[in-house]
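Participant: Use these hints to put chain B onto chain A, whose structure you have.
Chain residues, written in single-letter form:
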Amino acid sequence: MVKEIIKMEPDLQAIKEIQAIGADTLKKCYQCATCSTVCPLSPDEAPFPRKQMILAQWGFKERLINDPAIWLCHQCGDCSKYCPRQANPGEVLAALRLSVIRELMPFKFLNTFYNNLWGFPILFLISLFFILLAAIGTFGGIPNFFNAESFPYGGPSYEIWFLHLPARILMIDVVFIPLTVFVIIILLSAINRIWNFYLDTYKIPQAYRYKVWSILKVYLIPAIAEILNHTRFEKCEANKWRALPHKVLLWAFIILAFTTAIVFVMADILGFHTPWHPLLHPVKWLGNIGGLMLLYGIISIALGRSRAEVEKSVRTSYPDSLLIYLILFIGLTGFGIEIFRSIPSIKNATSLIYLIHLALVFILFLGVAYSKFTHLVFRTTAIVFDLYFKDITQKMS
Amino acid sequence: MKSLPILVVGGGISGITAAVEAAEVGAEVILVEKEPTLGGRVAQLRYYFPKLCPPTCGLEINYRRIKSNPKIKVYTLSEVIEISGEIGNYKVKIKTKPRYINDNCTACGECEKVCEGERVSDFDFGLKKTKAIYLPYPMAFPLKYVLDKEALAPGDLERIISACKYNAIEPDMKEQILEFEVSAIIWATGWKPYDASKLDILGYGKFSNVITNMQMERLASPWGPTGGQILRPSDKTFPKKVAFVQCAGSRDENHLPYCSYICCLASLKQSLYLAEKNQEAEALIFYIDIRTPGRYEKFLKRVQEEARIHFIKGKVAKIEEDPETKDLIVTAEDILSGKKIHERVNMVVLALGMQPSIAGINISGLKIDENGFVISDEGIIGCGCAKMPLDVMTSNETATGAALKAIQTILRR
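First to last, the sequence lines map onto chains A and B.
Residues in the first sequence are numbered consecutively from -15, following our numbering.
Residues in the second sequence are numbered consecutively from 6, following our numbering.
Calculated directly from the structure, the hints in this document are not laboratory data.
Wrong hints could be hidden among the right ones.
Claimed, not checked - A short list of chain B residues far from chain A (calculated; beta carbon distances all over 10 Å):
(1) D161
(2) N172
(3) C252
What the hints assert, rightly or not - Below 25 Å or equal to it, Euclidean Cα-Cα: the simulated DSS-like pairs (lysine-lysine) are:
(4) A:K65 x B:K344
(5) A:K219 x B:K203
(6) B:K211 x A:K219
(7) A:K65 x B:K282
(8) B:K306 x B:K98
(9) B:K282 x B:K241
(10) B:K323 x A:K219
(11) A:K296 x B:K203
(12) B:K344 x A:K12
(13) B:K211 x A:K65
(14) A:K65 x B:K306
(15) B:K39 x B:K56
(16) B:K323 x A:K374
(17) B:K323 x A:K65
(18) B:K344 x A:K219
(19) A:K379 x B:K344
(20) A:K11 x B:K344
(21) A:K224 x B:K203
(22) B:K323 x A:K296
(23) B:K118 x B:K149
The C-beta atom is built at its ideal place from N, Cα and C for all residues, glycine as well.
Just chain A, with the same shape it has in the complex (with noise of 0.2 Å):
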C-alpha cells in the first residue's frame, strides 16, 4: 500500500486578507476550546468557533465556505469574553464572514468598495450615476435639482401599455429592478453554491438530498419563524442587549419592504400615485411605524456597541459602522423628505435629499450581496441548513 502524504500549505495571502478585514488578533489564538465551551449557539456535534480558529490561521478558505458555523455565529460575544488570549473569536468569525461573501460573488472590486471608506465615495458616485442618468431619461433632460415642482414631483408622464407612471415612478423602476433582479441572481447562485459545498462538507447521503422544493417547504418555514423570534440571537450572554434592537430593525425592514410592495402594486401598477398624506393614509402609517422601528434599532444597535466597545465585548469595523450608518442615513433622509415637502418655505430642498435617499437605499440594495448585509441572505441558508442537517441526522440514525 503506498503512503498517501497529506501536505499543508498555509495560504498566506488568504491570512492577510483576513487580518486586514478585522481578524488582527486572529494569530493570538492558542486552540484552549474555551470560545466553543462558552458559545450559547455551539452544537455539540459541530463545536465553533475553536475549529474555525486554526482553519483562519492557516488561510483555509475553502474549508471556511464550506462550513456553516460562521453564519451560525451571532458575534454574542461570549467567546471574545472568556478568550485567555483576548484573539476576539467573535471578531475573527465576523471577518471570516466577510472573507466568505467576498469568495462567493462576483465582480470582487465592488467588495472592495463596501470594506473600505475609501470605497465610499466611489459606491456613492455610482449609485449617483445610475439614479441621474435615469433621471434625465425619465424626465426629458436635466431637471432642476433645486425646486421640488421640477424634482421629483415634475416632468413627463408615460403610458406603457395599461401603465400610468410619472416620471420619478418611472425612473426608479428602470433603476431598482434591474439593479433587484442582478442581486436576487448573484445571490441565488451563491446560495446555490454554498448548500452543495455544505452537501458535501457533512457528506450528506444522496438519498437524503432533497428536492429544492421539499427543502423549502420542510425547513424554510421554521427557519424563517426562528428568526423573526431572535430565538439564537437571545440565548447571547455577554451582548445580550443585541437581540431587541435587532429584532425591531429586523421587523422594521418587513414592514418597509411590505409597504414598498404594496405601494409599487398601488402606484406603479394600479395608478394610485403618491405622495398620500402622510397622516391620513394607511399605508402611511405602516411605512412611518416601519420608519421609527428602523430608527429606533439602528440607534440602540449604535449605541450599543459604543457601550459595549468600552467593555471589549465587541468590536466595530469598518464594514459595520458602514452599515449602521447607511441604514440610519436612509431612515433620516426618509423622514427628511417626508418633512421637507410638507413644509412650504424648505420645500424646494426636498429634490436633494430625496436624490441622497435613493443613491443611500441604491448602497444598501448592492449591498445585500457585498456588504455586512449579506449575512441576511447567508445566515438563513445557514440555518436552514442547520435545521435540515439536525432533522436527517436523526432519521439516519
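Facilitator: Chain B only, in chain A's frame:
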C-alpha cells in the same frame, strides 16, 4: 565576617533555605515570616516534588539547622512594611502582630481542650475549623500555640489561662514596629493560589464539590481536615471520578497571563493520591498542553502507569451541578474528536495558578513587575516563587544563589 545582618523575608522553603545557607557560612540572618509558623506552602502539601517526599522530610531537618544556629533570628507574625537605604545599609521597618502566647508555651495542648470558640482554618483553606487557640500544624516552628482573640467565646480567656500550667498566655501583648539595619535583603515571600471565585464559569464557591488543588493537598494530608482520607465536601464520600481543570487562571490574559509551571505536575501527582486510596479511581485531566518541564517528563510516564488517567485536550469552560447528587457536569470541547463532551464527575479540582503573595500590596522600596513578582535590585534579591512560578527543587536552588549574592554584599565592603 563582622557586618550588618542579612534579612530574609518569607519563611517558606525558599526563605528557610536562604537563611540556613547564609548563616552556615557565618552571616548573621534575620528571618521574617508573616504567618505564626515557618514552613509556607510546602507544609500544606501531601507530597512535594521532585521525589514526592512528605513535607516533614525537608522541613524538619531545616528547622533543626535553624534551631542549632545562633546566627539566625526568627520573627513570626511579622511583615516588612518599608525599606529604605541602599545596598550594604538598608533600614527596614517590620510590623509584628501579637501571638498572645509567650515562650513558656510547651505546646502541651491543655488550653485547646477547654477553649470553645472556633475559627476557620486558613491553613486548611477553609475546609476545617480550629479552636480560637490553636497549633498551626503538628510540627509548627516555633512549636507554640497562637491565639486568635476575636474567635474566643465568652469565658474562654479565663478557661485557657487557668488551663495553662506554664503562664504562657499573655492577652495584653501589643503589635510592635521593629526596625533593623541590614546589608542585604533576600525576598522569598512565595505565592498564593489565585482567587478562584474570579473564574465565574468554573463554579468555585457556588458548588461545594468544586475545590482547588491546594484544598486537594489538604484533603490528602494526614493532618488535614479528613485525616488524609480524600472525602468530597458535600457528603464526605470518596470521589471515584475526579475532573482536573488545568490552567484555571493561568495562561489567561484576563487573569494570570503566565504559565504557573507546576499545576500540570500537581494534577498528575494528585491523580496518584486518588490511585493510592483506590485503584479504581479515575482522573480526567482537561488540558491545553500538558507541561512537564525538563526531567518531569518521566513523572508523566510514571503516573500514566500507576493511575487511571484520561487526558482530554480542551479547556473546561462550563461546570454545572446536579442538585440532587451534588455531582458535577463538566463541559469542554474534546479537540481531538472535534465534539463537545459533558462528563459527570464526583468532584472537580481546579488546577489554580500561582500568584505572588505580595500581588496587590505596595511595599515602599520594593520593585515588582506588573504581575507582582519581585524584581531583584542591587542588594534586594528575589528567590523562589516570589520571583517566578517554580517547583520546590528549583526554588531551593534560587534560594542558595540568593544567599551567595547576599553574602557578596557583605564581603565586598
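Participant: State for each hint whether it applies.
Facilitator: Consistency of the hints with the structure:
The beta carbon of B:D161 sits about 47 Å from the closest Cβ of chain A, which is more than 10 Å, so the claim that it is off the interface holds. The beta carbon of B:N172 is kept farther than 10 Å from every beta carbon of chain A, the shortest such distance being approximately 56 Å. Its beta-carbon lying about 7 Å from the closest one in chain A, B:C252 breaks the requirement of being farther than 10 Å from that chain. As the CA atoms of A:K65 and B:K344 are separated by approximately 22 Å, the hinted pair is consistent with the 25 Å bound.
Proximity of A:K219 to B:K203 is assessed by CA-CA distance (about 23 Å); at most 25 Å being required, the pair is judged to hold. For the suggested pair B:K211 and A:K219, the alpha carbons sit about 23 Å apart, so the restraint of at most 25 Å is met. Of the pairs offered as hints, the one joining A:K65 and B:K282 is violated, with about 40 Å between alpha carbons and a cut-off of 25 Å exceeded. Between B:K306 and B:K98 the CA atoms are separated by roughly 49 Å; this puts the pair beyond 25 Å, and the hint is violated.
Between B:K282 and B:K241 the CA atoms are separated by roughly 14 Å; this keeps the pair inside 25 Å, and the hint holds. Distance check on the hinted pair: B:K323 and A:K219 sit about 16 Å apart at the alpha-carbon level, within 25 Å; holds. Of the pairs offered as hints, the one joining A:K296 and B:K203 holds, with about 18 Å between alpha carbons and a cut-off of 25 Å not exceeded. For the proposed pair B:K344 and A:K12, the alpha carbon gap of about 22 Å is at most 25 Å, so the pair holds.
At roughly 21 Å between alpha-carbon atoms, B:K211 and A:K65 fall within 25 Å of each other, so this suggested pair holds. For the hint linking A:K65 to B:K306, the alpha-carbon distance of about 36 Å lies beyond 25 Å, and the restraint is violated. Between B:K39 and B:K56 the alpha-carbon distance is near 28 Å, which puts this suggested pair outside the 25 Å criterion. The straight-line distance between the Cα atoms of B:K323 and A:K374 is roughly 24 Å, inside the 25 Å bound, and the hint therefore holds.
Proposed proximity of B:K323 and A:K65 is supported: the alpha carbons are some 14 Å apart, at most 25 Å. Only pairs whose Cα atoms come within 25 Å are accepted, and B:K344 paired with A:K219 is accepted, the gap being roughly 20 Å. Only pairs whose Cα atoms come within 25 Å are accepted, and A:K379 paired with B:K344 is accepted, the gap being roughly 20 Å. For the suggested pair A:K11 and B:K344, the alpha carbons sit about 23 Å apart, so the restraint of at most 25 Å is met.
Only pairs whose Cα atoms come within 25 Å are accepted, and A:K224 paired with B:K203 is accepted, the gap being roughly 21 Å. At most 25 Å may separate the alpha-carbon atoms for a hinted pair to count; B:K323 and A:K296 meet this at roughly 21 Å. Simply put, B:K118 and B:K149 have alpha-carbon atoms about 15 Å apart, close enough for the 25 Å limit, and the pair holds.
In the structure shown, a violation is registered for the earlier hints numbered 3, 7, 8, 14, 15, in ascending order.
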